[in-house]
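K.L.:
When you get a sec, could you build the whole thing from the sequences and use the hints?
Heads up: the sequence lines are chains A and B, in that order.
Under the working numbering, the first sequence has 31 at position 31, and the numbering climbs by one with no breaks.
Just remember that the working numbering sits 112 ahead of the position in the second sequence, which is counted from 1.
In case anyone wonders, no lab produced these hints; they're calculated from the structure.
Keep in mind that the hints are not guaranteed to be accurate.
Stated by the list, open to error - Below are the DSSO-like pairs computed for lysine-lysine, each with C-alpha atoms no more than 30 Å apart in a straight line: (1) A:K77 to B:K269; (2) A:K95 to A:K77; (3) A:K59 to A:K22; (4) A:K23 to A:K33; (5) B:K191 to A:K46; (6) B:K117 to A:K78; (7) B:K137 to A:K77; (8) B:K422 to A:K42; (9) B:K269 to B:K189; (10) B:K422 to B:K291; (11) B:K137 to A:K22; (12) B:K137 to A:K36; (13) B:K273 to B:K189.
Said to hold, decoys possible - For each label pair, taking beta carbons as the anchor points, the in silico distance ranges come out as: (14) A:K42 to B:I166: 19 to 25 Å; (15) A:V8 to B:I166: 21 to 27 Å; (16) B:N367 to A:S65: 35 to 41 Å.
What the hints assert, rightly or not - If you want the ones that stay clear, here's a sample from chain B, every Cβ over 12 Å from chain A, calculated: (17) A136; (18) I318; (19) I396.
The beta carbon of each residue, even a glycine, is placed where N, CA and C say it ideally should be.
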Amino acid sequence: MVEISSDVSRGYNDTMILSVLKKEPSYGYEISKQIKLISGGKYIIKETTLYSAFTRMEKNQHIESFTLDTDPGGNGKKRTYYRITDKGREYYREKCEEWALTKDVIEKFIEQ
Amino acid sequence: MEIIKNYLESMFAELPNTQEVRNAKSELLQMMEDKYNELIASGTPENTAVGTVISEFGNLDELAESLGLSGAVEETKAKASEAPRRLITIDEVKGYLANRSQKVLLRSIGIMFCIICPAPVLMYIGNEGIGVTLMFLCIALGVGLIVFSSFMDHQWKFIRKELCRIDMNTASYVKDRKKSFQPVHALCVALGVALCVICWVPNILISAGENSVPGTALMFLIIGIGVLLIVYGNSVDAGFDRILKANDRNTVSGNYTSDISDLKFKSKTAETIVSLYWPTVTCIYLTVSFLTFAWHMTWIIFVIAGVIYKAVVINCTEE
Numbered sequence: 001m002v003e004i005s006s007d008v009s010r011g012y013n014d015t016m017i018l019s020v021l022k023k024e025p026s027y028g029y030e031i032s033k034q035i036k037l038i039s040g041g042k043y044i045i046k047e048t049t050l051y052s053a054f055t056r057m058e059k060n061q062h063i064e065s066f067t068l069d070t071d072p073g074g075n076g077k078k079r080t081y082y083r084i085t086d087k088g089r090e091y092y093r094e095k096c097e098e099w100a101l102t103k104d105v106i107e108k109f110i111e112q
Numbered sequence: 113m114e115i116i117k118n119y120l121e122s123m124f125a126e127l128p129n130t131q132e133v134r135n136a137k138s139e140l141l142q143m144m145e146d147k148y149n150e151l152i153a154s155g156t157p158e159n160t161a162v163g164t165v166i167s168e169f170g171n172l173d174e175l176a177e178s179l180g181l182s183g184a185v186e187e188t189k190a191k192a193s194e195a196p197r198r199l200i201t202i203d204e205v206k207g208y209l210a211n212r213s214q215k216v217l218l219r220s221i222g223i224m225f226c227i228i229c230p231a232p233v234l235m236y237i238g239n240e241g242i243g244v245t246l247m248f249l250c251i252a253l254g255v256g257l258i259v260f261s262s263f264m265d266h267q268w269k270f271i272r273k274e275l276c277r278i279d280m281n282t283a284s285y286v287k288d289r290k291k292s293f294q295p296v297h298a299l300c301v302a303l304g305v306a307l308c309v310i311c312w313v314p315n316i317l318i319s320a321g322e323n324s325v326p327g328t329a330l331m332f333l334i335i336g337i338g339v340l341l342i343v344y345g346n347s348v349d350a351g352f353d354r355i356l357k358a359n360d361r362n363t364v365s366g367n368y369t370s371d372i373s374d375l376k377f378k379s380k381t382a383e384t385i386v387s388l389y390w391p392t393v394t395c396i397y398l399t400v401s402f403l404t405f406a407w408h409m410t411w412i413i414f415v416i417a418g419v420i421y422k423a424v425v426i427n428c429t430e431e
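P.N.:
So, in C-alpha cells, the structure goes:
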C-alpha cells in the first residue's frame, strides 16, 4: 500500500493541526483522531511527530497551551489543551496559499 | 498498559532529566493512554491494541530535534557505545539481594562477637584460663565470620565495580522490596540505638550504683546486640540503594526512584559524609562513654548529634 511520505507530510503537519484547532481547542489524542478521520484513514500522525509539532508551534506562537480538568469523576486528572492564536490563523492562510501553488506546480509534472 | 509504559520509559531512559523531557514524556504517555483506552473500548484485543499504539508512536530522534536535545541524544549514544552499561536483570537482582541479606547477617554477627569478646573474661574472673580462651574464641569466630562474609558476594562484584543500569521494572521491584523492609529497618535501628543507650542500666540495677563485673559483662553483650541490629538494618537497606542508584543520575532513568530517596546529594563525598554520620556518632558515643563511664550523661551526645544532623544534611544536599 502506498503511504504518504514523511518528507511531504513534514511540511504540512502544522497545517493539518492548525486546521483542526481552527474549529475548537483540543488535546493530543483528539487532534490525532481528527486528522485520521479527515484524511479518511489515509494518514496517521505519529505521537512523536504530533508532540514535536506542538512544541515547535508553541515556540513560534502559532498555538497556546492550557490545562483543563477533564475528568468527570473529578480526581484531578488534567489534560493539556491547545488553541490557535491570531498569528497561527495567519500562518495557516499562508500555508494554504503555498499548498495551492505547490499542488499547481507539481500537478504539471504528474502523469495520470 | 504496563507494556506501553515500560516501552516509553525505555525510550526515554538515557535522555537528560530536564523539565522539558519530563513534560514530553507525560504528554506522550497521555496520548498513548487515550489511544489505548479507545482501542480497548472498541473491542480490540489487548495485544493488538498495544501493538498499534507502539507502532504509531514514531521515533525519538524527531522529538529530540524539536526539543533541542539532538546534542544530548548523540552524546548518550556515543557514551553508550564507548562504555556500555551492563544491564542487571531482575533475576540477578533477586539473587543479589538474597545473597546480600545472608552476607550482612553473618557480618553483623561477626561484629557482635568482636564487641562482646571482653565479656567472658569479666565473667570468669579468678579463672583467667577459661575467660581468655573464650575471648579468643569470640574474636576468632567474629573475624572468621567477617572474612567469610566478605567472600560471599564475589559473584556480584560487578554491581560494585562496573557501570550498570536497570530498567523500570527492576527499579519498581526493588523499590517495593525497600518499602516493605522499611518497618524492619526502622525497628532494627531504633532498637539497636536504644540498646546502646541503655546498656548501662543493668549494671546500675545489679550493683546499685557501683560498677560491677557481671554488670559490665552484660553491658558488652547489650552493646553487641545493639550494634548487630544497627549494622544489619542499615546494610540490607544499603543493598537496595546500591541497585536503585545504578542508573546515571542525570538521565530520566536515573530518576525512577526519585520519589523514594528525596535526598539529592551535591557530590559523592557529601553522600559518604551523610551515610557515615550515624555510625560515627555511635562510635563517638561508645568511646566517650567507655572512657568516662558517665553513661547517665553521655546519651546527650545523641541529642546534640540529632541537631547537627539537620545542618549536615542541608549542607550536603540540593534542595
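K.L.:
Would I396 (chain B) pass as off the interface with chain A, using Cβ distances and a cut of 12 Å?
P.N.:
holds (48 Å)
K.L.:
Verify the CB-CB distance for V8 (chain A) and I166 (chain B) against the hinted window 21 to 27 Å.
P.N.:
This hint holds: roughly 24 Å between Cβ atoms.
K.L.:
Is K59 (chain A) close enough to K22 (chain A), meaning Cα to Cα at most 30 Å?
P.N.:
holds (18 Å)
K.L.:
Starting from K422 (chain B), check that the Cα of K291 (chain B) is at most 30 Å away, please.
P.N.:
Within the cut-off at roughly 23 Å; holds.
K.L.:
Classify the label on A136 (chain B) as holds or violated, using whether its beta-carbon is more than 12 Å from each beta-carbon of chain A.
P.N.:
violated (6 Å)
K.L.:
Per the hint of 19 to 25 Å, is the separation of the Cβ atoms of K42 (chain A) and I166 (chain B) within bounds?
P.N.:
Given range 19 to 25 Å: holds, Cβ gap about 21 Å.
K.L.:
Is K422 (chain B) within 30 Å of K42 (chain A), Cα to Cα?
P.N.:
violated (62 Å)
K.L.:
Hinted pair, alpha-carbon criterion (30 Å max): K269 (chain B), K189 (chain B). Please report holds or violated.
P.N.:
The given pair, whose Cα atoms are some 26 Å apart, holds under the 30 Å limit.
K.L.:
Between the alpha carbons of K137 (chain B) and K36 (chain A), is the straight-line distance 30 Å or under?
P.N.:
OK: K137 (chain B) and K36 (chain A) at ~23 Å, within 30 Å.
K.L.:
Has the given pair, K117 (chain B) with K78 (chain A), been kept, meaning a C-alpha gap of at most 30 Å?
P.N.:
Holds: K117 (chain B) and K78 (chain A) sit about 18 Å apart, inside 30 Å.
K.L.:
Is K23 (chain A) close enough to K33 (chain A), meaning Cα to Cα at most 30 Å?
P.N.:
Holds - the C-alpha atoms of K33 (chain A) and K23 (chain A) are around 14 Å apart, at most 30 Å.
K.L.:
Take a quick look at whether K191 (chain B) and K46 (chain A) sit within 30 Å of each other, Cα to Cα.
P.N.:
It holds: about 28 Å lies between the C-alpha atoms, which stays within 30 Å.
The earlier numbered hints that this structure contradicts are 1, 2, 8, 16, 17.
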